[in-house]
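With the hints as constraints, model all of the structure from the sequences given.
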Amino acid sequence: MLGYLYLLLSLQVFNLHFKIMYKKKNIKAVSLFLICLLVGTSCENFIKVDPPRTRLTKPAVFANDETAKSALIDVYSKTSQQNNVGISWFAALSADEVTISNFEEYDQFNQNLISPLNNQILEEWNSGYTAIYAANALIEGLNQSTGVSAVNKAQFIAEAKFLRAFIHYNLTALFGDIPFVMTTDYRENGLLSRRAHTDVLELIVTDLNEV
Numbered sequence: 017m018l019g020y021l022y023l024l025l026s027l028q029v030f031n032l033h034f035k036i037m038y039k040k041k042n043i044k045a046v047s048l049f050l051i052c053l054l055v056g057t058s059c060e061n062f063i064k065v066d067p068p069r070t071r072l073t074k075p076a077v078f079a080n081d082e083t084a085k086s087a088l089i090d091v092y093s094k095t096s097q098q099n100n101v102g103i104s105w106f107a108a109l110s111a112d113e114v115t116i117s118n119f120e121e122y123d124q125f126n127q128n129l130i131s132p133l134n135n136q137i138l139e140e141w142n143s144g145y146t147a148i149y150a151a152n153a154l155i156e157g158l159n160q161s162t163g164v165s166a167v168n169k170a171q172f173i174a175e176a177k178f179l180r181a182f183i184h185y186n187l188t189a190l191f192g193d194i195p196f197v198m199t200t201d202y203r204e205n206g207l208l209s210r211r212a213h214t215d216v217l218e219l220i221v222t223d224l225n226e227v
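Sequential numbering from 17 applies to the sequence shown in the working numbering.
A hint or two may mislead.
Unchecked claim - In silico lysine to aspartate or glutamate, EDC-like type, Cα no more than 20 Å apart, as pairs: (1) 94 x 139; (2) 94 x 112; (3) 94 x 156; (4) 169 x 112; (5) 94 x 113; (6) 169 x 226; (7) 85 x 218; (8) 94 x 175.
Hints listed in this document are in silico derivations from the structure and should not be mistaken for laboratory results.
Take a look at the structure:
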């Protein structure tokens, strides 16, 4: 008799456990379905990103003469930063034309004992190629634009090529062999190697002849 009651009780417990697990599985299935539905809807909305309110998109930049001119001014701004016109400053330091005290990184140029860890080297390099990228972006955008007048398009491209040549000249004067960057394509730029100083000068002349 006790064995029968024990068996009956065990069956009731198993049945209750089965019902609980079944309900849990149903809840999980419904939850998973709702999550997938929500994610699918959210992803569809997520990819529809509005243009940034504080910046112009590429089509807007080259939509007309005025916005394209603003982009050219930005290239001039990046070119005129201290590091991009600093060749005379660093050359003067290394030639003893000027001296500076209490600033070790500049003093290294003065002593011609420049450490690879000198931050001025990295800043000079980065600011130069940042300006070159801006010049290349301007050239590419103008070549694709249909909203900028032919006269201004030719003028702006010529100025951008001059600035690109000018910055490459500064960089090769300081670093010798350097990559000569003529596109904004990161895949192509990632494969670039240093060109010989003489090759860089020839490319600079080519850019200037097209101005």
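Quick rundown of the hints versus the structure:
1. Proposed proximity of residue 94 and residue 139 is supported: the alpha carbons are some 13 Å apart, at most 20 Å.
2. With a C-alpha separation of about 28 Å, the suggested pairing of residue 94 with residue 112 is violated against the 20 Å cut-off.
3. With a C-alpha separation of about 18 Å, the suggested pair residue 94 and residue 156 falls inside the 20 Å cut-off, and the hint holds.
4. A C-alpha spacing of about 44 Å is found between residue 169 and residue 112, which places the hinted pair above 20 Å, so the restraint is violated.
5. With a CA separation close to 27 Å, the supplied pair residue 94 and residue 113 exceeds the 20 Å bound.
6. This hinted pair checks out: residue 169 and residue 226 have alpha carbons roughly 14 Å apart, not beyond 20 Å.
7. For the given pair, residue 85 sits about 28 Å from residue 218 by alpha-carbon distance, which is inconsistent with the 20 Å threshold.
8. Taking the CA atoms of residue 94 and residue 175, the gap is near 14 Å; set against the 20 Å cutoff, the hint holds.
Hint compliance for this structure: hints 2, 4, 5, 7 are not met, and every other hint is.
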